[in-house]
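> Spelled out from the first residue to the last, the chains are:
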Amino acid sequence: MDLLDIRNLTIEMDGPHGRVRVLDKVSLQLKEGEVHSLVGESGSGKSLLAKAVIGVLNPLWDVTADRLWWNGKDLLAMTPKQRRAITGRDMAMIFQDPLAYLDPNSTVAEQITEAIPAGDVTGTFMHRRIDRKTRVAQLLHRVGIRDHDAIMQSYPYELSEGVAQKVSIAIAIAHRPKLLIADEPTTAMEPSTKDQIQRLLGKLAVSQNMSVLLITQDVASILPATQRVSLLYCGQMMEHGDTETILNRPAHPYTDAMIKMSLQAHAELDPKSKLPSLPGAVPTLRHMPIGCRLGPRCPYAQKQCVKAPLVRHREEQSYYCHFPLNEPES
Amino acid sequence: MSHLLEAVDLFKTFRPRRAWPWSKKSVALEPTSFTLEAGQTLAIMGETGSGKSTLSKIIAGVEAPTGGELYLNGQKLNYAQSKRRCQNIRMVFQDSDKSLNQQLTVGQQLEEPLLFNRDMPSSERKQLINSTLRKVGLLAEHAAFYPHMLSTGQKQRVAIARAIILDPQIVVADEALVALDPSVRAQIINLMLDLQKDMGISYIIVTHSPQIVKHIADKILILYRGKMIAFNETERLLTEKQQPYIEALLHEHLTNHSQITGNSSAKVTE
Amino acid sequence: MADIELYYQERNPSPLQLVWFAFKRRLAPMISLWLLGSLLLLVILAPVITPYSANVQFVDAISLPPSWTHDGNMQFLFGTDDLGRDMLSRLLIGGRFSFGLPIVIVILASTVGIFIGAMVGADTQSKLRILGRTLDRLLTIPSFLLALVLIAILGAGLGNAIIAITLSLIPQFIYVTRNAVYQEWQKDYVTASRLNGCSNTYLMYRVILPNITPSLVMQLTVALSVAIMDIAALSFLGLGVQSPTPEWGSMLARSLDEVYLSPWSMVLPGISLFVTIMAINVVGDSLRRAIKQRMDT
Ligand SMILES: Nc1ncnc2c1ncn2[C@@H]1O[C@H](COP(=O)(O)OP(=O)(O)OP(=O)(O)O)[C@@H](O)[C@H]1O
Ligand SMILES: Nc1ncnc2c1ncn2[C@@H]1O[C@H](COP(=O)(O)OP(=O)(O)OP(=O)(O)O)[C@@H](O)[C@H]1O
Ligand code: SF4
Ligand SMILES: [Mg+2]
Ligand SMILES: [Mg+2]
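Residue numbers (this note's numbering), protein chains in the order written: chain G, 1 to 330; chain V, 1 to 270; chain S, 1 to 297.
If you're looking for bench data, these hints aren't it; they were derived computationally from the structure. This structure is a prediction, so every number in the text was calculated from the model and none was measured. Fair warning: there could be bad hints in the mix.
What the hints assert, rightly or not - Quick list of in silico lysine-lysine cross-link-like pairs, DSS-like style, CA-CA up to 25 Å:
no.	chain 1	residue 1	chain 2	residue 2
1	V	K155	S	K24
2	V	K155	G	K274
3	V	K197	G	K260
One chain only, chain G, in its complex shape (with noise of 0.2 Å):
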């Protein structure tokens, strides 16, 4: 059984415009111990999604699912209570804004305290002082921080933002979660650091069968434990499936174009040559085009491309495209 199992995830707001649909019709499951890597441009209702599942979204917004199953209960069908047991215990988030979730009030050895399980230390009460100070210490040196006294000392708006961002994934992780959703969480690190983050984000997924929800922006920095990606465009799923297939074989002409428009592509090209990209910015919401969105940017629309494109399968991936790329010679 799927640990979260979406299926036909709808969320629509009132804006001043009238109604807009931000997330379409998405589906996606993960299973316990995956590593799924969800991908898109900014706008593309992936906090969203990863909101829908910890429940924070404003709850004047419609969010409708023929499922949204965790473990097989049904989230959706919980009252608030009962789902921020579930949400307290076993996921974990961390936040695109770090410095917005941490509080400005108390030290990061305070913040990172808290988040330890009461269960986890015990002995005398010294003996708890200094276990917990050790664990906070060990906690901060997994995520890559060295001079963690001066650390634990400091008050977030005292800290950088890629410290920040260090502290915000040690205080997610402090509790052992079953689900982690990482909301682009190595954006301000340099590159070595955020090697020891992925590192360490797939050596947890895997020695403490703990599931991550990867949020980025860019292919070229999914995780490498990643098993399976998903795609999405302006609140669309485009193509979701298997990592190995999707990035050598891409059926959707987006998933195409992220992967020639990633900074690993990027490097093997000649210096200061021209870039490939798709021509004009995400639409915003007022502006979505019909059927398929990714219409007006696409190389390969065609009349078709209005109605809206069914989900096809094609062995290890699935795909949402009238047109698909790569298609096998039979």
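Fit chains V and S with the ligands to the supplied structure of chain G, relying on the hints for placement.
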């Protein structure tokens, strides 16, 4: 022949927040010297908190250095003497949302540097604004727009237009590319390269991404805890053997497609 | 490159105009705004349109009830008080002190406060920081108490009351302006303008001021209702406007003695005060909501 920009022993110290008057100041940037030639791109790299932003802010004139000198075309630049600096060294910020004034139209914001640095009648200013907007891939009509009506990529284009409208010699960009979507980022990099070819602008860019650096930088300056530990041509830094810190910055080991596939389980168990 | 989005509006409203549009869409604040506007007009024209002088006494019409009651007289629309003075004239003339004077006071206090606040907020070298800190301490004292203390020092009387209320309002303006300016000053767009070589006056008036206008307007509405309350309260205590000059607060105080005989002499100034202050608060509140709505979209 003097260099376009020469920095001699620039350094910067900060007083820690909860400090006594007599306690030691923390050093954000140790004495740093480097040079930059016309039409070249210098990339500043380093781990978080290594002083990259501090150095770029000093060059752009946002902050005064605690000590050291900057020479532009062989002439000394003072922090106080801002006219010459703001005509020749311009800055593009990380967040285009915050670096544009929400209450002024794009045209008014582009006019601002002209009002204070150029002596031209308003019709000429209009024309210059129009041609600059076209240079960055926008339309003359965009002059009447307020920033909240533009997309992120368009906003970053406006920010670049504001930087190049005075025909500067150097543009400093602190993490100006990280917040952008892949497609927009590629568009903006293409734009920056085109402008460099057409106008001979030199760039000083701050970024974490080795791939971008490899693509656009001629020289790389590497900082480690406020200290410059390498300053060399991109080619040489990439090909020659370096100390581990530099290697780690310049080569992203893991996120390689061939490595993602195949041996992923071997990697995570270590 | 161009989106279709770019073309269909020919005139682009500025963000401040958008706030105004959002404000205008709602009924209650617009009614309140019209109410305040007509009140201002009435108060300005009061000497011309009042039927009688405020202090002339009609011995044959003492404590006459309003004209719509059984005993009323059309000659005195709102009746007369215990000395036979026309209530309507007194209310209108009183409005000059109860509503007109606070406006003048707020204009004075805001000019001084915003000017000092802007200087303190834009000061990067912390020379003026001490001043800001001192004024912050003053803020912990309620403004009415501050006005009372000042009156105690200066002595009672209208002129002193004006001075006291003005002085007691200034710290709030300084505080709000300083914080707003300081916050804006840290932002990238101000740095960008600074790097454009803008002069400091340009920075203040063209760059920062439009961005802090919403918070300043909010503070203006708050200060106006506080000033109205303060003047009414001081006069009620006999420390502000002196009799026989009419003022809503002092009229209330006078009516206390004969509230059973002529309730209208208490109800009418009370209602005037209530309606005015409520209108101001509604305007301020809707303004806050309009700004927030603008931020959210
Ligand atoms: N609180 C909100 N009110 C109104 N619209 C919202 C809100 N939060 C998100 N949206 C809209 O929903 C869409 C999806 O937003 P979301 O934050 O999920 O994007 P994202 O994929 O996480 O992008 P990014 O990579 O920039 O974080 C966007 O178009 C956004 O404008
Ligand atoms: N205003 C300030 N007051 C005190 N210390 C500061 C201030 N600004 C920067 N520092 C310190 O100077 C050092 C260098 O900071 P800087 O912002 O230049 O780093 P950076 O290389 O840009 O890092 P990042 O990659 O996270 O942006 C840091 O240790 C920082 O704590
Ligand atoms: S459905 Fe049409 S527009 Fe959409 S991705 Fe496929 S080809 Fe492009
Ligand atoms: Mg997001
Ligand atoms: Mg920085």
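> Could you run down the list of hints and mark each one as holding or not?
Going through the hints against the structure:
1. V/K155 / S/K24: 30 Å, violated
2. V/K155 / G/K274: Holds: V/K155 and G/K274 sit about 21 Å apart, inside 25 Å.
3. V/K197 / G/K260: 24 Å, holds
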